[in-house]
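A.B. asks: Chain by chain, the residues run as shown.
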Amino acid sequence: MLNAHILLLPILLPLAGAMVTLLVGNRPRYQGSLALLVLLASLFSSLVLLTQVWTNDQTMSLQLGGWQVPFGISLVGDLLSATLVVMSQLVLTLGVIYSLGAKDQVMNIRTYYPFFLMMSTGLTGAFLTGDLFNFFVFAELLVISGAALTAISDDRFGVEAAYKYFYISLLASIFLLLGIGTLYISYGTLNMADLSQRIRADPGQPLLSIGAVLLFATFMVKSAAFPLHFWQPDFHTASPTAVSAMLSSVVVKLGVYGFLRMTTLIFIDQAEWIRGLLLAVGALGILYGGFAAIGTDNVKRMLAYSTIAQVGFILVAIGWGTPLALAAVVFFAFSHSLIKAGMLMLAGAIVSRAPIKSAAFEVVTGVGKTAPALGIFFLLGGLALAGIPPTSGFISKLLFFRSGIEEQDFLLLGLIAVASLLTLIYAIRAFQRIWWVPGVQETKTKKAGDSFAAPAVLIILVLVLGLWPEPLVRLAEEISATLVTPASYLIAVLGGG
Amino acid sequence: MEWLTALAIGTLFGIGVFQLLRRNVIRSIIGVLILLNSVNLFLLSAGAYQGTQAAYTTAVGQPSDALPQALVLTAIVIGLGGVAFVLALINVISARYQTSDQDQISGLRN
Numbered sequence: 051m052l053n054a055h056i057l058l059l060p061i062l063l064p065l066a067g068a069m070v071t072l073l074v075g076n077r078p079r080y081q082g083s084l085a086l087l088v089l090l091a092s093l094f095s096s097l098v099l100l101t102q103v104w105t106n107d108q109t110m111s112l113q114l115g116g117w118q119v120p121f122g123i124s125l126v127g128d129l130l131s132a133t134l135v136v137m138s139q140l141v142l143t144l145g146v147i148y149s150l151g152a153k154d155q156v157m158n159i160r161t162y163y164p165f166f167l168m169m170s171t172g173l174t175g176a177f178l179t180g181d182l183f184n185f186f187v188f189a190e191l192l193v194i195s196g197a198a199l200t201a202i203s204d205d206r207f208g209v210e211a212a213y214k215y216f217y218i219s220l221l222a223s224i225f226l227l228l229g230i231g232t233l234y235i236s237y238g239t240l241n242m243a244d245l246s247q248r249i250r251a252d253p254g255q256p257l258l259s260i261g262a263v264l265l266f267a268t269f270m271v272k273s274a275a276f277p278l279h280f281w282q283p284d285f286h287t288a289s290p291t292a293v294s295a296m297l298s299s300v301v302v303k304l305g306v307y308g309f310l311r312m313t314t315l316i317f318i319d320q321a322e323w324i325r326g327l328l329l330a331v332g333a334l335g336i337l338y339g340g341f342a343a344i345g346t347d348n349v350k351r352m353l354a355y356s357t358i359a360q361v362g363f364i365l366v367a368i369g370w371g372t373p374l375a376l377a378a379v380v381f382f383a384f385s386h387s388l389i390k391a392g393m394l395m396l397a398g399a400i401v402s403r404a405p406i407k408s409a410a411f412e413v414v415t416g417v418g419k420t421a422p423a424l425g426i427f428f429l430l431g432g433l434a435l436a437g438i439p440p441t442s443g444f445i446s447k448l449l450f451f452r453s454g455i456e457e458q459d460f461l462l463l464g465l466i467a468v469a470s471l472l473t474l475i476y477a478i479r480a481f482q483r484i485w486w487v488p489g490v491q492e493t494k495t496k497k498a499g500d501s502f503a504a505p506a507v508l509i510i511l512v513l514v515l516g517l518w519p520e521p522l523v524r525l526a527e528e529i530s531a532t533l534v535t536p537a538s539y540l541i542a543v544l545g546g547g
Numbered sequence: 020m021e022w023l024t025a026l027a028i029g030t031l032f033g034i035g036v037f038q039l040l041r042r043n044v045i046r047s048i049i050g051v052l053i054l055l056n057s058v059n060l061f062l063l064s065a066g067a068y069q070g071t072q073a074a075y076t077t078a079v080g081q082p083s084d085a086l087p088q089a090l091v092l093t094a095i096v097i098g099l100g101g102v103a104f105v106l107a108l109i110n111v112i113s114a115r116y117q118t119s120d121q122d123q124i125s126g127l128r129n
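Going down the list, the protein sequences come from chains A and B. Just remember that the numbering used here sits 50 ahead of the position in the first sequence, which is counted from 1. Just remember that the numbering used here sits 19 ahead of the position in the second sequence, which is counted from 1.
Simulated from the structure, these hints should not be mistaken for laboratory data. Fair warning: there could be bad hints in the mix.
In silico SDA-like links for lysine to any residue, alpha-carbon gap of 20 Å or less [unchecked claim]:
id: 1; chain 1: A; residue 1: Lys153; chain 2: A; residue 2: Phe207
id: 2; chain 1: A; residue 1: Lys407; chain 2: B; residue 2: Gly29
id: 3; chain 1: A; residue 1: Lys407; chain 2: B; residue 2: Gly126
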């Protein structure tokens, strides 16, 4: 038996780190390196967790405080959770590295790094918890730290963006609380594994579908799925670069994770109509995100709209729900996090070199001439976003198309092909305008801007995953195998058989 | 008596939604506050097996469930923090935009 206490480390390390960094608040540099150390330790522990879960092929669970399941709070580390935790810690670590090399004023505010670490706590906690109410608590922690980080942004519209985001998130938490209440009235438990068992045993409760719809709405807000997306472009444009890279890559994956758990664990017998809804929502998101990204005249906003489209892809794949499609979801989510974080950081690095601090195309046109290396990475990232080899984006699109052909859903496949073309158009257009077209204010560009070590690492990782995707594909396939057989999850949490 | 509780929660929820949709930022956040409280009451009533029976006072009748009460405590604290944060944001916004009308807070319209 493995020591399941390792599940606590990725949650507790950033939480403790947040408090310590707050204590050394009068020395911002010191604070940043400390945050980096904490996140590296947390990344390392989550890697250990993943290898343990993977090599032993066993879901780990920990009952907090020794309370008997299902009365206490359980932490559950199955392959999906462990992989998502590794993904989020990896991207968050690179986010701190970017913050260390950034020129923004916001890095000198003493609550910046503590909030960053809190964001990490909320994210890993929400991925690892096996209890719905605990999920709500961690999701709130994530939301409030993300909103606070945006509110202190250098961009003077940061407060407005934070207000919009936090308002809709408060409403989402009201939905989630109502959903928790209805499920608790019907089944008397909040442990996800226990809930899954009881719902299968007694699917006739009148409040069941209401609870499912409320959870669905919550996760739609969390993942910025199409009709509830309106806060997302504002929010991802106005926040500090490092933060927007986190929000648009790993934070939206929380909703994706919620949908995965809904369809493969909690509501197995009701998954049919949930999947149907997901297909519709995803298809709308793909179309809307693609066209809006083409129509906008701001680099960061373009990338934010692109996230809506990419989340749409993921939702469609969850909607197909076959083992192959679920593997595609995991691979897609992982690779999209790396790509989008890298692209947003590159955009931020360009904006920091522009004569005035704005991501509008008319300001950044021609700015790329001072940093041609950035252009290569941006082009590679754009190709990855569109799914062109040799990047990981190609592998994820390939898995995606294979699952779509298996499902014989040619209408959606056609839509996706069109959307990929749109992606290529807007990514290349952004590249052209920043690096190709001579700018009017070329002389005024600043020589020194944000360091681009972190996005370089991310884009190189994307390339590596594109050239050598075997391990991650195998991991994704194993994850989808565990997802379609929820029995192993139930046994690991509830014990017995 | 259960219908009375249900009616009260429903009315509160309705008032909350109505206030939430007002254009004034302060009225709107008060709506959120009412909404959060009605959800808390809903959670609380989820734990009572019989609407009027207090927990563990009588030998007869089922005691009410303690877990929702713990949930409500957590939800109250989180709601308090959230509303306080929004009020702080509103404070900055009203100084920066010189307005309390939600429709005027639109500096980010592409």
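A.B. asks: Indicate, hint by hint, whether the structure satisfies it.
C.D. replies: Okay, the hints, checked on the actual structure:
Between Lys153 of chain A and Phe207 of chain A the CA atoms are separated by roughly 18 Å; this keeps the pair inside 20 Å, and the hint holds. Distance check on the hinted pair: Lys407 of chain A and Gly29 of chain B sit about 49 Å apart at the alpha-carbon level, beyond 20 Å; violated. Only pairs whose Cα atoms come within 20 Å are accepted, and Lys407 of chain A paired with Gly126 of chain B is accepted, the gap being roughly 16 Å.
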